[in-house]
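Colleague: Line by line, the protein sequences give chains A and B.
Everything in the first sequence is counted per the numbering used here, starting at 252 for the first residue and increasing by one.
Everything in the second sequence is counted per the numbering used here, starting at 252 for the first residue and increasing by one.
Any given hint could be a false lead.
Same chains, same names: a pair is fine if it fits in one copy or spans any two.
[Claimed, not checked] With a Cα cut of at most 20 Å, we get these calculated EDC-like pairs of lysine to aspartate or glutamate:
id	residue 1	residue 2
1	Lys429	Asp392
2	Lys536	Asp372
3	Lys492	Asp267
4	Lys528	Asp309
5	Lys445	Glu621
6	Lys461	Glu578
The hints are simulated quantities; they were obtained by calculation from the structure and are not laboratory data.
Protein chains: 2
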Amino acid sequence: MQCMLNIEIRSMEVDDLRDVAIIGIGETQIGELWDKSLRELGIEAGLKALKDAGMRGDEVEKMYIGNMSAGKLINQEHIAPLIADYAGLSEVPSTRIESGGASGGMALAEGYKSVASGMDDFVVVGGAEKMTDVGEQEAKDILSSTADQEWETVFGATFDSLYAMMARYHMDEYGTTKDQLAEVAVKNHENAAKNPNAQYPRETSKDFVKSAPMVSDPLGMFDCAPISDGAAAVALCPVEKAESFQTEPVEIASIGQGGDNLAVHERDDIGTMEATKRASEKAYKREDIGPKDIDFAEVHDNYTITEIMAIEDLGFFDKGEGGPATEKGKTKLNSDISINTSGGLKAKGRPVGATGINQAVEATLQLREEAGDRQVENAEYGLIHNIGGTGASAIVHILRRWS
Amino acid sequence: MQCMLNIEIRSMEVDDLRDVAIIGIGETQIGELWDKSLRELGIEAGLKALKDAGMRGDEVEKMYIGNMSAGKLINQEHIAPLIADYAGLSEVPSTRIESGGASGGMALAEGYKSVASGMDDFVVVGGAEKMTDVGEQEAKDILSSTADQEWETVFGATFDSLYAMMARYHMDEYGTTKDQLAEVAVKNHENAAKNPNAQYPRETSKDFVKSAPMVSDPLGMFDCAPISDGAAAVALCPVEKAESFQTEPVEIASIGQGGDNLAVHERDDIGTMEATKRASEKAYKREDIGPKDIDFAEVHDNYTITEIMAIEDLGFFDKGEGGPATEKGKTKLNSDISINTSGGLKAKGRPVGATGINQAVEATLQLREEAGDRQVENAEYGLIHNIGGTGASAIVHILRRWS
Numbered sequence: 252m253q254c255m256l257n258i259e260i261r262s263m264e265v266d267d268l269r270d271v272a273i274i275g276i277g278e279t280q281i282g283e284l285w286d287k288s289l290r291e292l293g294i295e296a297g298l299k300a301l302k303d304a305g306m307r308g309d310e311v312e313k314m315y316i317g318n319m320s321a322g323k324l325i326n327q328e329h330i331a332p333l334i335a336d337y338a339g340l341s342e343v344p345s346t347r348i349e350s351g352g353a354s355g356g357m358a359l360a361e362g363y364k365s366v367a368s369g370m371d372d373f374v375v376v377g378g379a380e381k382m383t384d385v386g387e388q389e390a391k392d393i394l395s396s397t398a399d400q401e402w403e404t405v406f407g408a409t410f411d412s413l414y415a416m417m418a419r420y421h422m423d424e425y426g427t428t429k430d431q432l433a434e435v436a437v438k439n440h441e442n443a444a445k446n447p448n449a450q451y452p453r454e455t456s457k458d459f460v461k462s463a464p465m466v467s468d469p470l471g472m473f474d475c476a477p478i479s480d481g482a483a484a485v486a487l488c489p490v491e492k493a494e495s496f497q498t499e500p501v502e503i504a505s506i507g508q509g510g511d512n513l514a515v516h517e518r519d520d521i522g523t524m525e526a527t528k529r530a531s532e533k534a535y536k537r538e539d540i541g542p543k544d545i546d547f548a549e550v551h552d553n554y555t556i557t558e559i560m561a562i563e564d565l566g567f568f569d570k571g572e573g574g575p576a577t578e579k580g581k582t583k584l585n586s587d588i589s590i591n592t593s594g595g596l597k598a599k600g601r602p603v604g605a606t607g608i609n610q611a612v613e614a615t616l617q618l619r620e621e622a623g624d625r626q627v628e629n630a631e632y633g634l635i636h637n638i639g640g641t642g643a644s645a646i647v648h649i650l651r652r653w654s
Numbered sequence: 252m253q254c255m256l257n258i259e260i261r262s263m264e265v266d267d268l269r270d271v272a273i274i275g276i277g278e279t280q281i282g283e284l285w286d287k288s289l290r291e292l293g294i295e296a297g298l299k300a301l302k303d304a305g306m307r308g309d310e311v312e313k314m315y316i317g318n319m320s321a322g323k324l325i326n327q328e329h330i331a332p333l334i335a336d337y338a339g340l341s342e343v344p345s346t347r348i349e350s351g352g353a354s355g356g357m358a359l360a361e362g363y364k365s366v367a368s369g370m371d372d373f374v375v376v377g378g379a380e381k382m383t384d385v386g387e388q389e390a391k392d393i394l395s396s397t398a399d400q401e402w403e404t405v406f407g408a409t410f411d412s413l414y415a416m417m418a419r420y421h422m423d424e425y426g427t428t429k430d431q432l433a434e435v436a437v438k439n440h441e442n443a444a445k446n447p448n449a450q451y452p453r454e455t456s457k458d459f460v461k462s463a464p465m466v467s468d469p470l471g472m473f474d475c476a477p478i479s480d481g482a483a484a485v486a487l488c489p490v491e492k493a494e495s496f497q498t499e500p501v502e503i504a505s506i507g508q509g510g511d512n513l514a515v516h517e518r519d520d521i522g523t524m525e526a527t528k529r530a531s532e533k534a535y536k537r538e539d540i541g542p543k544d545i546d547f548a549e550v551h552d553n554y555t556i557t558e559i560m561a562i563e564d565l566g567f568f569d570k571g572e573g574g575p576a577t578e579k580g581k582t583k584l585n586s587d588i589s590i591n592t593s594g595g596l597k598a599k600g601r602p603v604g605a606t607g608i609n610q611a612v613e614a615t616l617q618l619r620e621e622a623g624d625r626q627v628e629n630a631e632y633g634l635i636h637n638i639g640g641t642g643a644s645a646i647v648h649i650l651r652r653w654s
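Given these sequences and hints, build the entire structure.
Modeller: Written as structure tokens, this is what we have:
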């Protein structure tokens, strides 16, 4: 048996990768943070993650930064060395990852790979976005630039309207209702009310959500995630080295990445996000588990319809059952499966490039049993799900409690 | 001995990574390509790389795309799935990497890691930039946004002027002359004249370069690389699977990444690019070779001064000797060390996010002995060097001839 190992090194399978742990987490308050710049937000989150781990800056071997559009939002490209530099780590190699709304999740995937491969031992992965230095309409136009500029945006199809088309289709095809969409917002605000870092830490009601001004029919203002500033970071190392740090490590048990057509009209079925299905199927397969094994999930809910589609496409509910399941309370905290315990993008907030890392922070808190009033009971597996654009890219990580 | 292998898998060193080969290359003409969009350029390069390898699209498991600023240049973020999609590979997971001018090189590093780790077998890494959809001044402003926006650009320090300060310092400190700077341009145009894909495939003279209009003293127009459109791609796989493809593979023998302060004024010595030194020292160490073993190099020459500094910081010449060495012809084709046989960014052209991949294409051609009139004789090792911003990020790959 052991004589085979020499060959296995030369043709490694995924399972020959090193196991990777999250040993530190940090995030800023999310909100309209007029007094903080992108670099300040990035540094705050990164230093919190190092402090949480009890790790020194000079131990960091590599940094990845997820960010959607600092070029347009603050006129600054090349932000990975910017954040490394201002954190006092200018010698540390750093790389920015961009995949629209999935930038943070994709950065985590590259960080995972760096550690799993053995190339680096200690890696910090951050995500940051500073959206309020431009006007709200400009910020929304920039979100739209993650859809297909030549075939969608230029003809007036905004980000909101593309998601509205998906919502309309889902309602027509599966009978999903505006009440069900509203229940996503109500639940996520209920969770956010228990999250001190949330942009909107307060409860709301179905009637209030439904009576909000229309953005793009059928999506009203409270069906949409806000424009936000914020940053988040995680510190990674191989599992074998994780126990020497001060916090209980959480393992990244599996990852999966998926792609799809960039433009919505190119897809066969706009009521399904194939990239999400592809990403999660890979992630489940690698860990040899299924959606039933997942105790809680942070899913991409930039719109209420996105959460409904995500909980179906991730396999938690059958297609068309996402709305009814939400309405019946099956996705509330400590129900069938706790979805977006943090409040999600919808109520915790949406600093775009940070969202995937915010999800990792929440999942880590849950698996360390440090989530306070929003703690999921007896959770072993948490799934995090980040998508880019209108679903052309998706990344899924499955995190596991240390045992 | 073999009984130790089980342990080695759990604590892998870099040398336990799989060896990675470049099995296919492709690039577009570089120039002001008014009739081609970013997606068309990306697809052209990618399909050429697949065709060169004799690889089918459905074999591709992962794509990385290096790009500096499509958000600002063509109002399109999220370009990795854009290019995958329009190449007919919408299901393929794809990720964009951005590190200013080093975006292409950094994308190659992530692609290398994907294959070396065993996570993927067949990976395509592309780089693309479409710069001429905006005016020349706007394109230059976007280049400046890879420097420090808050502490440099906003005060009027343009990209050109920051490099001009480095040039002036280098001249004062080491006696580098304008004649020596001009010789970089003359040499690179001489090489470009033998490269059918070059934007400026024609020779020039020292007097012509020196009499060009001043851009930022001491750098004149012909000390600066142009604004360009273009794309390039390479196909990667593990060395053990490389021989089944139709071309002679080239091995990526080593990589190294370095960082430095984002703002020039934060650095101790602006006549040296520490990020380049850090990156190359790591790369040499991993392969256990030194600069003397390198037969040719494609170095980042966005300005003539940058090549002078690079050939010093990469260890080919002592500090301060880059100018005299160039003047004496030591960096010409088939002299002491052949530098920028492609014509470099200076004369082959500068489609920013593609440049690191253009360098890989040139090095592969050289090591396959397919470089025609600009062929380096008996080359075993070629080094490629890509930097971001004014040198805050650098990536070095060492490529080795198949033997």
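Colleague: Now tell me if each hint is right for this structure.
Modeller: Evaluation of the provided hints:
Taking the closest pair of Cα atoms, Lys429 and Asp392 never come within 20 Å of each other, the shortest separation being 25 Å inside a single copy and 46 Å across copies. Taking identical chains as interchangeable, the C-alpha atoms of Lys536 and Asp372 lie at most 20 Å apart only when they sit on different chains, with a minimum of 18 Å there against 26 Å within one chain. In the homo-oligomer, the alpha carbons of Lys492 and Asp267 lie at most 20 Å apart both inside one protomer (17 Å) and across protomers (18 Å), since each shortest distance falls under that limit. Taking the shortest alpha-carbon separations for Lys528 and Asp309, only the inter-copy value of 19 Å comes in at or below 20 Å, while the best intra-copy value is 39 Å.
In this homomeric assembly, Lys445 and Glu621 come within 20 Å of each other (Cα to Cα) only inside a single copy, at 12 Å, whereas the closest approach across copies is 64 Å. For a Cα distance limit of 20 Å, the shortest separation of Lys461 from Glu578 inside one copy, 14 Å, qualifies, whereas the shortest one across copies, 74 Å, does not.
In summary, the structure is inconsistent with hint 1 from the numbered list given earlier, while agreeing with all the others.
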